[in-house]
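Given next are the chains, with one letter for each unit.
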Amino acid sequence: MKFRHLFLLSSLGLALSGCVSSRPAKSAWTPTGDAVTDGKTAIAGGPARDKVWWQYRTALAAMRRGETTEAKSLLDDALLTVGSISSGDKEARKSRGYFQEESRKAFRGEPYERAMANYYRGILYWMDGEPDNARACFRNAQFQDGDVENKQYAGDFVLLDYLDGLVTTKLAGDGSDALKRAQSTFKGGALQPYDSKANVLFFVEFGKGPTKYATGGDGEELRFRTVPSAVHSARLMVGEQIILLAPYDDLNFQATTRGGRVMDHVLANKAVFKSATDAVGTAALVSGIVVAQNRNTREVGLGLVAAGLLGKIISSATTPAADTRCWETLPQYLSFAAAVLPAGQHLATVEFLDSMGMIIPRLTKTVTLNVAPEPRDTVVFVSDHSQTSKPL
Amino acid sequence: MKTILSNKMKLISSSVVAALLAGCASTGVQNPSGVPVTEMKGDERGFVAGTGVESQDLVTVADKMARSILKTPEIAGAQGIPRIVLQPVQNETRFPINKGIFLTKIRAELNTKAAGKVRFLARDQMAALERERDLKRSGQVTSSSDPQVVELKGADFFLTGKLQGLSTRTSKGTSDYVLYTFQLVDARTSDIIWEDQAEIKKQGLEDAAYR
Chain A
9 MKFRHLFLLS
19 SLGLALSGCV
29 SSRPAKSAWT
39 PTGDAVTDGK
49 TAIAGGPARD
59 KVWWQYRTAL
69 AAMRRGETTE
79 AKSLLDDALL
89 TVGSISSGDK
99 EARKSRGYFQ
109 EESRKAFRGE
119 PYERAMANYY
129 RGILYWMDGE
139 PDNARACFRN
149 AQFQDGDVEN
159 KQYAGDFVLL
169 DYLDGLVTTK
179 LAGDGSDALK
189 RAQSTFKGGA
199 LQPYDSKANV
209 LFFVEFGKGP
219 TKYATGGDGE
229 ELRFRTVPSA
239 VHSARLMVGE
249 QIILLAPYDD
259 LNFQATTRGG
269 RVMDHVLANK
279 AVFKSATDAV
289 GTAALVSGIV
299 VAQNRNTREV
309 GLGLVAAGLL
319 GKIISSATTP
329 AADTRCWETL
339 PQYLSFAAAV
349 LPAGQHLATV
359 EFLDSMGMII
369 PRLTKTVTLN
379 VAPEPRDTVV
389 FVSDHSQTSK
399 PL
Chain B
56 MKTILSNKMK
66 LISSSVVAAL
76 LAGCASTGVQ
86 NPSGVPVTEM
96 KGDERGFVAG
106 TGVESQDLVT
116 VADKMARSIL
126 KTPEIAGAQG
136 IPRIVLQPVQ
146 NETRFPINKG
156 IFLTKIRAEL
166 NTKAAGKVRF
176 LARDQMAALE
186 RERDLKRSGQ
196 VTSSSDPQVV
206 ELKGADFFLT
216 GKLQGLSTRT
226 SKGTSDYVLY
236 TFQLVDARTS
246 DIIWEDQAEI
256 KKQGLEDAAY
266 R
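Just so you know, the protein sequences line up as chains A and B, in that order. Throughout, our numbering is defined as the position within the first sequence, counted from one, plus 8. Throughout, our numbering is defined as the position within the second sequence, counted from one, plus 55.
Simulated from the structure, these hints should not be mistaken for lab results. Keep in mind it's a predicted model, so treat the numbers as computed, not measured. Any given hint could be a false lead.
[Stated by the list, open to error] Each computed EDC-like pair below joins lysine to aspartate or glutamate, with the alpha-carbon atoms no more than 20 Å apart:
{"hint": "1", "chain 1": "A", "residue 1": "102", "chain 2": "B", "residue 2": "261"}
{"hint": "2", "chain 1": "B", "residue 1": "217", "chain 2": "A", "residue 2": "85"}
{"hint": "3", "chain 1": "A", "residue 1": "102", "chain 2": "A", "residue 2": "362"}
{"hint": "4", "chain 1": "A", "residue 1": "102", "chain 2": "B", "residue 2": "206"}
{"hint": "5", "chain 1": "B", "residue 1": "154", "chain 2": "A", "residue 2": "97"}
{"hint": "6", "chain 1": "B", "residue 1": "227", "chain 2": "A", "residue 2": "97"}
{"hint": "7", "chain 1": "A", "residue 1": "98", "chain 2": "B", "residue 2": "98"}
{"hint": "8", "chain 1": "B", "residue 1": "119", "chain 2": "B", "residue 2": "262"}
{"hint": "9", "chain 1": "B", "residue 1": "217", "chain 2": "A", "residue 2": "138"}
{"hint": "10", "chain 1": "A", "residue 1": "98", "chain 2": "A", "residue 2": "84"}
{"hint": "11", "chain 1": "B", "residue 1": "154", "chain 2": "A", "residue 2": "138"}
{"hint": "12", "chain 1": "A", "residue 1": "188", "chain 2": "B", "residue 2": "250"}
{"hint": "13", "chain 1": "B", "residue 1": "227", "chain 2": "A", "residue 2": "307"}
{"hint": "14", "chain 1": "B", "residue 1": "154", "chain 2": "A", "residue 2": "84"}
{"hint": "15", "chain 1": "B", "residue 1": "257", "chain 2": "B", "residue 2": "98"}
{"hint": "16", "chain 1": "A", "residue 1": "159", "chain 2": "B", "residue 2": "261"}
{"hint": "17", "chain 1": "A", "residue 1": "98", "chain 2": "B", "residue 2": "164"}
{"hint": "18", "chain 1": "B", "residue 1": "227", "chain 2": "A", "residue 2": "272"}
{"hint": "19", "chain 1": "B", "residue 1": "126", "chain 2": "B", "residue 2": "98"}
{"hint": "20", "chain 1": "B", "residue 1": "96", "chain 2": "B", "residue 2": "129"}
{"hint": "21", "chain 1": "B", "residue 1": "126", "chain 2": "B", "residue 2": "250"}
{"hint": "22", "chain 1": "A", "residue 1": "59", "chain 2": "B", "residue 2": "254"}
{"hint": "23", "chain 1": "B", "residue 1": "154", "chain 2": "A", "residue 2": "85"}
{"hint": "24", "chain 1": "B", "residue 1": "154", "chain 2": "A", "residue 2": "136"}
{"hint": "25", "chain 1": "B", "residue 1": "257", "chain 2": "A", "residue 2": "97"}
[As the list claims (entries may be wrong)] Partial selection, computed: residues in chain A whose CB lies under 10 Å from chain B:
{"hint": "26", "residue": "93"}
{"hint": "27", "residue": "97"}
{"hint": "28", "residue": "101"}
{"hint": "29", "residue": "116"}
{"hint": "30", "residue": "145"}
{"hint": "31", "residue": "152"}
{"hint": "32", "residue": "177"}
{"hint": "33", "residue": "179"}
{"hint": "34", "residue": "271"}
Note that CB positions come from ideal geometry on N, CA and C, so glycine has one too.
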């Protein structure tokens with residue numbers, strides 16, 4: 009009988025070790041320190057489940073370097089995945105299983121991350137002279153933000169509604185409804201009225217956005233870590249104009265107001281299963297050892313010991329940990345300004361200001377603008393992490 | 056008693072092993088060898104699907120519009136051959152689209168199904184056409200007709216369209232309704248001589264892992 013139990017345990021051990029070895033091996037690559045190069049290497053050779061995760065981050069790194077063609081192609085591919093309905097996705101189904109981690113599923117991001125991917129793609133469409141496709145992206149971004157538990161915070165990006173209305177106004181439509189929506193969610197005073205003649209659009213972002221971590225007994229609860237940004241606002245100087253760039257949106261707020269996910273219930277169930285099997289395993293193990301002391305009940309005792317060990321093994325194989333893959337390079341604040349400038353070359357300076365309104369000199373960006381002749385808009389993207397001096 | 060307990064233990068152990076192995080069975084890579092290329096028709100719904108604008112929508116809508124245009128009295132009973140210029144489609148949905156593709160498809164459908172009944176003007180080639188005409192006028196290249204005579208045709212009609220959407224998301228899923236409307240506008244009078252619509256609604260629910 010002992011041998012039978014031993015055999016059973018060995019088989020289980022083999023079965024579980026089989027699980028581990030059957031996972032796809034992580035491809036080995038040495039990071040170069042260049043975010044775009046490393047990102048592209050990871051996309052090409054890394055696990056398929058992390059592809060969108062890398063695409064998001066690499067696209068943003070490319071945008072901050074002024075490499076818009078690269079960013080477009082990465083975001084287009086990522087949004088194709090995110091835009092498809094995941095129903096029937098086998099990996100997603102497996103990630104809900106007791107013995108598979110949530111991070112096994114293909115990364116798509118939380119609503120604020122999906123919204124930001126659409127927001128960036130919208131900026132790129134506008135740069136290419138396709139404002140209606142830009143508006144589609146802004147609308148889709150707002151729609152992604154609707155996937156929250158607390159509907160009070162659904163679709164509450166101020167800037168997305170504001171831009172929706174601005175595009176509509178510029179396309180000779182009525183953007184007043186979108187402006188009203190934006191105004192109703194904006195806490196920073198009165199929004200700038202639309203100027204359909206504004207031909208230079210500045211998308212400015214600053215600060216460090218939210219990151220994710222797992223908490224709870226088994227790391228089953230997803231939480232967001234927010235660190236107050238050193239940068240609180242920005243100031244744009246172009247020609248004779250000085251424009252204060254206050255935040256329209258705060259991604260820390262967007263991330264932390266999502267509320268619970270359906271997946272949180274799945275992970276909570278996994279955690280309960282893990283602790284229950286562990287408790288049952290412990291009880292069976294202890295009682296089995298006690299029962300096995302008696303010669304007459306030794307066989308039953310050994311059986312209980314075996315069952316206890318099995319319970320322990322099952323418990324340790326259960327993986328309730330939340331997926332903490334995160335688009336950690338996102339900014340905290342999004343801002344925007346529209347200006348009227350004559351066609352031709354202009355020098356623009358963006359200064360980033362702290363909570364006291366003092367300039368943080370190391371972050372100041374100076375960009376040369378080539379303002380396009382009408383009717384095309386010139387779109388400028390500036391981040392406090394921008395690393396480009398190319399004319400935009 | 057011993058036998059009963061022993062049998063129970065076997066049953067428990069077997070169940071546990073089965074559960075564990077079932078868990079293991081799902082490990083690994085999905086489609087490790089990939090999925091072979093599957094050729095599909097443009098109007099077929101593929102295995103990769105979302106609730107947005109897809110190829111089957113384009114084919115269905117363009118086919119319906121092309122047939123509808125040909126039935127318009129101003130086209131079917133026109134004295135000469137009506138000249139049409141394509142104007143960009145306006146996208147008001149939440150889905151970025153290649154805006155030219157709908158009109159390109161409708162134009163191709165019309166040219167295929169009704170060769171000679173309507174003719175499209177290549178306004179997207181105007182820069183090249185004007186350059187060529189100027190070369191002819193300056194005598195730098197040969198010309199089979201008098202280059203001073205204006206031969207570039209003007210439009211009789213403009214064909215344009217609009218995509219508008221209505222999106223809903225609840226705990227039951229995502230629903231997207233897209234209304235496609237196309238118009239033929241008389242270039243002389245601004246009369247809308249033809250308009251037709253198509254509507255497509257799609258719904259889906261994400262896997263719980265993404266909700």
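Quick rundown of the hints versus the structure:
1. For the given pair, residue 102 of chain A sits about 14 Å from residue 261 of chain B by alpha-carbon distance, which is consistent with the 20 Å threshold.
2. At most 20 Å may separate the alpha-carbon atoms for a hinted pair to count; residue 217 of chain B and residue 85 of chain A exceed this at roughly 26 Å.
3. Taken as a hint, the residue 102 of chain A and residue 362 of chain A pair is broken in the structure, with Cα atoms around 46 Å apart against an allowance of 20 Å.
4. For the given pair, residue 102 of chain A sits about 66 Å from residue 206 of chain B by alpha-carbon distance, which is inconsistent with the 20 Å threshold.
5. Taking the CA atoms of residue 154 of chain B and residue 97 of chain A, the gap is near 30 Å; set against the 20 Å cutoff, the hint is violated.
6. With a C-alpha separation of about 18 Å, the suggested pairing of residue 227 of chain B with residue 97 of chain A holds against the 20 Å cut-off.
7. For the given pair, residue 98 of chain A sits about 26 Å from residue 98 of chain B by alpha-carbon distance, which is inconsistent with the 20 Å threshold.
8. Simply put, residue 119 of chain B and residue 262 of chain B have alpha-carbon atoms about 34 Å apart, too far for the 20 Å limit, and the pair is violated.
9. Taking the CA atoms of residue 217 of chain B and residue 138 of chain A, the gap is near 15 Å; set against the 20 Å cutoff, the hint holds.
10. Taking the CA atoms of residue 98 of chain A and residue 84 of chain A, the gap is about 23 Å. The hint is violated against a cut of 20 Å.
11. Restraint check for residue 154 of chain B and residue 138 of chain A: the C-alpha separation of about 9 Å stays at or below 20 Å, so the hint holds.
12. Between residue 188 of chain A and residue 250 of chain B, the direct Cα distance comes to roughly 32 Å. Violation of the 20 Å bound is thereby established for this hinted pair.
13. For the given pair, residue 227 of chain B sits about 52 Å from residue 307 of chain A by alpha-carbon distance, which is inconsistent with the 20 Å threshold.
14. For the given pair, residue 154 of chain B sits about 16 Å from residue 84 of chain A by alpha-carbon distance, which is consistent with the 20 Å threshold.
15. Simply put, residue 257 of chain B and residue 98 of chain B have alpha-carbon atoms about 15 Å apart, close enough for the 20 Å limit, and the pair holds.
16. Between residue 159 of chain A and residue 261 of chain B the alpha-carbon distance is near 18 Å, which keeps this suggested pair within the 20 Å criterion.
17. This hinted pair does not check out: residue 98 of chain A and residue 164 of chain B have alpha carbons roughly 39 Å apart, beyond 20 Å.
18. Using a Cα cut-off of 20 Å, the hinted pair residue 227 of chain B and residue 272 of chain A holds, with the two alpha carbons roughly 17 Å apart.
19. At most 20 Å may separate the alpha-carbon atoms for a hinted pair to count; residue 126 of chain B and residue 98 of chain B exceed this at roughly 23 Å.
20. A threshold of 20 Å between alpha carbons decides the hint, and for residue 96 of chain B with residue 129 of chain B the separation of about 33 Å lies outside it, so the pair is violated.
21. At most 20 Å may separate the alpha-carbon atoms for a hinted pair to count; residue 126 of chain B and residue 250 of chain B meet this at roughly 11 Å.
22. Our distance criterion of 20 Å between C-alpha atoms is broken by residue 59 of chain A and residue 254 of chain B, whose separation comes to about 34 Å.
23. Straight-line distance between C-alpha atoms of residue 154 of chain B and residue 85 of chain A comes to about 19 Å, which keeps the hinted pair within the 20 Å bound.
24. About 13 Å separates the Cα atoms of residue 154 of chain B and residue 136 of chain A, which keeps this hinted pair within 20 Å; it holds.
25. Restraint check for residue 257 of chain B and residue 97 of chain A: the C-alpha separation of about 18 Å stays at or below 20 Å, so the hint holds.
26. Interface restraint check for residue 93 of chain A: the shortest CB-CB distance to chain B comes to about 4 Å, inside 10 Å, so the restraint holds.
27. Because the smallest distance between the Cβ of residue 97 of chain A and any Cβ of chain B comes to about 5 Å, under 10 Å, the interface hint for this residue holds.
28. For residue 101 of chain A, the shortest C-beta to C-beta distance to chain B is roughly 6 Å, which falls under 10 Å, so the interface hint holds.
29. Interface hint status for residue 116 of chain A: upheld, as the beta-carbon distance to the closest one in chain B is roughly 6 Å, under 10 Å.
30. A least Cβ separation of about 6 Å between residue 145 of chain A and chain B falls short of the 10 Å threshold, and the interface hint therefore holds.
31. Evaluation of the residue 152 of chain A hint against chain B yields a held restraint, the C-beta minimum of about 9 Å falling below 10 Å.
32. Contact between residue 177 of chain A and chain B, as hinted, is not supported at the beta carbon level, the nearest pair being about 13 Å apart and thus beyond 10 Å.
33. Contact between residue 179 of chain A and chain B, as hinted, is supported at the beta carbon level, the nearest pair being about 7 Å apart and thus within 10 Å.
34. Among the interface hints, the one on residue 271 of chain A holds; its C-beta lies about 6 Å from the nearest C-beta in chain B, closer than the 10 Å criterion.
Hint check: violations occur at hints 2, 3, 4, 5, 7, 8, 10, 12, 13, 17, 19, 20, 22 and 32; the rest are consistent with the structure.
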